[in-house]
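Generate coordinates for the entire structure from the input sequences, incorporating the hints supplied.
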Amino acid sequence: MSRSYSTPISTPSSSSGSNSQQMSGYTSSSSSLGGTPGSGTSAKAKSPTPTTKPPNVFSNDGSFLDRIRRSMKEEEDKKKEKEALERKLHFADRFKNRRKRRAQSHDPETQGEHAENTHEDEESPKKKPRVSVDGQDGAEEKDQSKDNATTDNSAQAEYQKAMDSYPASLKDSGLKILKVGRWDAERRTQSQTLSSPTMSKPGDVVYIDGRTVYAPDLEYTKCSARTCKKGPQDGTALRVCSSCGEAAYCSSECQKIDWKDRHKAWCGKTDRVDIERFYPFLACIAYVNHCHPDIPLHPALLHQIINDPGPNNSSEIVEFPNGTSAKLVLLGTEIPVHQLNPETWWPAGRTLQIRAKFHRRIFTEGLLLPNTLAICLALISEMYTTTYMPKPDPQSWQTFKLNTQERVRLTHRSSPICDIGIVQGSVRVTPQDRLVYYSMTSHEFIMGDDPDDHYWMYFTTRSGNEYFLDIGMFTFNCAQMIKCEPYSNHGFYRPMMNTVPAFFYGEDLRRTIPRLDMLAWKPKRKFSLLHDERLYEMMGYPQMDVPDKQMQGAYNIMEEIAGRKCTGFEREMLLTFTSNVRMCMSLNLKHRDYLNFPEKPEIVLELDPGETINDCSEEEDRALEKYMKKWARRLKKGYISPEQWVAAFHAANEKPHANRYTKKGPLNFDILGDLRYEP
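To convert, note that position 333 of the sequence shown is 333 in UniProt numbering; the numbers rise steadily by one, no gaps.
A few of these clues could be false.
The calculated lysine to any residue pairs, modelled on SDA-like cross-linking and capped at a C-alpha distance of 20 Å, are [to be verified]:
id	residue 1	residue 2
1	Lys629	Tyr467
2	Lys522	Ser641
3	Lys600	Asp452
4	Lys565	Met389
5	Lys483	Ser463
6	Lys264	His290
7	Lys636	Leu509
8	Lys626	Ile640
9	Lys524	Arg564
10	Lys357	Leu302
11	Lys526	Gly506
12	Lys565	Gln424
13	Lys483	Arg564
14	Lys222	Ser463
15	Lys264	Ser224
16	Lys629	Asn498
17	Lys522	Lys630
18	Lys630	Val646
19	Lys260	Thr227
20	Lys600	Gln424
21	Lys630	Asp452
22	Lys264	Cys254
23	Lys260	Phe278
24	Lys483	Leu605
25	Lys230	Arg262
Distance windows between CB atoms, simulated [said to hold, decoys possible]:
id	residue 1	residue 2	range
26	Asp217	Asp308	51 to 57 Å
27	Pro342	Lys600	30 to 36 Å
28	Ala237	Lys260	20 to 26 Å
29	Arg534	Tyr438	37 to 43 Å
30	Pro342	Arg511	39 to 45 Å
If you are wondering where the hints come from, they were derived from the structure by calculation, not from laboratory data.
The beta-carbon is built from N, C-alpha and C at its ideal position, and this holds for glycine as well.
Encoded structure:
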């Protein structure tokens, strides 16, 4: 959906005076009519060309000597660049055509002799003849295939020895220690080549992309100190470390003991990012994914709409034999792309605002599951693979890619996020807000998004509260938007619109509407992704080079969530979305832009003409909020059932405005019969 314009090349005389003009991508009439460079302002401002040569070219003002010095310096710089390029080519050719080295012997009798030969090999650029193990000089010509096989076996033995040297606590602690990967240019789309860090040779480009997913515990079952067994099972309350948030202790004594024992080495500082500050960034990326050039335009955006499916027009609602009702959109003849404009696309649209909103509703249809899953995968692979590093480590992925030493984790208020996943369920949508398309040329129906097959992200805190983010409700006319300007910085192109759709169910809504799942969002199945080990294999690959074979775990999970066989296009777009979101996420973490996000996003509602949120006064709004919070407290304490809470919610909405507020406060609606509850 993005559109680019060709900007003319400006000359030094015109660039400073027409900066804003060049940014828009258009040229003024004066600059386009004139063919002389530098004529972007006016013909009168042009300086006259000297007709005669200056009488003294070799003047004493020093300009001639400066020109000579500059030309000599430029020649020297070019010569140095040429020599440096030749050295690089010679260096690359020398190691490209080299043979594999013989594995280093571990025989104590030959250690001294090998140590003497090492210094000579480092000084001489030419390859020395091999030295036999028994000490006799001279080169031994052997069969090439046998030598390669011996080298490979020795390399595998070296690697296995290095892995066995890891302590058992690292391999058995459940942290999923991933191996170091060395990437070759010819094998970027093949399987990962594993090698020991000690086996890399001069000239090899080594990418340290092995990552460890630090999945937090869903709950602390015991004290983090090794010698302590206390926990919630025996009534002991655990308190989380205020610095890292990754360990919990029953007392300050256990914390001091564990600090000296092991916690000091990996505690460090954690950047806690509140999900209410971070979710607008995720919503912006989700909207940009819809603009990807690999996604074909919706047929309704390329054909003329010949009826009026606008707001407040219920005459276009049709009912299908299966009981489904939706608003009908009739598609006429196809419109060439170069002739698309709001008037020809939808002639019956009353205003430009109505046309623009309806266009975006159709534009955001489809690919909800791949888009949502890609964002979850990027959160896990980029944020939950970071850890505290006392000092930069060149062999670490975090140092190599992000150049950071901080651990980054999501929280909500003061409680850390311990689980991230996807919910498959249904949402309550009226027929007025659901769309179905009928082509007058091909005589076939095209169903819009199905509200009974909906997906959204959930975030569970350590305290047990669950919040969710839905990025797919705008097509159903749920027009809650956020302004995206503060979230569009590194590695991220701002969307065409200043606002993007997002609905976040946070703490404020939970206190007022605790059982939203019984009103609008009804979950059917939940899938935890942060603790799914099938996704850990793909975490070790660079952002843009995840082989399709290593994405098989993500493909299987997507089909499990959907409950069906996903199409090849959905799999392809999941891979594309994941690569793009990981790139944006890693750049955000690298520059720590999340620290500059507003504490709360600026939320706006894109309403239809004549539509209002409610027609209540401020006193009625405050009374209704107080009323709902009171019923929410009763539900939390167990005084009423969820069904009774739903009845109270509907009773408040259906009550006439005149009876919603009195001088003593909101009226108590008699919906519980003879049930007595504590105030």
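These are the hints, each one checked on the structure:
1. Lys629 - Tyr467: Cα-Cα ~18 Å, so holds.
2. Lys522 - Ser641: Holds: Lys522 and Ser641 sit about 17 Å apart, inside 20 Å.
3. Lys600 - Asp452: 31 Å, violated
4. Lys565 - Met389: 42 Å, violated
5. Lys483 - Ser463: 30 Å, violated
6. Lys264 - His290: 45 Å, violated
7. Lys636 - Leu509: The given pair, whose Cα atoms are some 14 Å apart, holds under the 20 Å limit.
8. Lys626 - Ile640: 17 Å, holds
9. Lys524 - Arg564: 15 Å, holds
10. Lys357 - Leu302: 16 Å, holds
11. Lys526 - Gly506: 18 Å, holds
12. Lys565 - Gln424: 15 Å, holds
13. Lys483 - Arg564: This hinted pair is violated, its Cα atoms lying about 36 Å apart.
14. Lys222 - Ser463: 16 Å, holds
15. Lys264 - Ser224: Satisfied, since the Cα-Cα distance of roughly 13 Å is no more than 20 Å.
16. Lys629 - Asn498: 34 Å, violated
17. Lys522 - Lys630: 23 Å, violated
18. Lys630 - Val646: Since the Cα atoms of Lys630 and Val646 sit roughly 13 Å apart, the hinted pair holds (cutoff 20 Å).
19. Lys260 - Thr227: Given that 20 Å is the threshold and the Cα spacing comes to 13 Å, the pair holds.
20. Lys600 - Gln424: 27 Å, violated
21. Lys630 - Asp452: 32 Å, violated
22. Lys264 - Cys254: Roughly 13 Å separates the two Cα atoms, so the pair holds.
23. Lys260 - Phe278: Status violated; Cα separation ~35 Å.
24. Lys483 - Leu605: 11 Å, holds
25. Lys230 - Arg262: Holds, at about 19 Å.
26. Asp217 - Asp308: 51 to 57 Å: Distance hint for Asp217, Asp308 holds at roughly 56 Å.
27. Pro342 - Lys600: 30 to 36 Å: Check passed, 34 Å falls within 30 to 36 Å.
28. Ala237 - Lys260: 20 to 26 Å: 23 Å, holds
29. Arg534 - Tyr438: 37 to 43 Å: 41 Å, holds
30. Pro342 - Arg511: 39 to 45 Å: Between Pro342 and Arg511, where Cβ atoms are some 42 Å apart, the hint holds.
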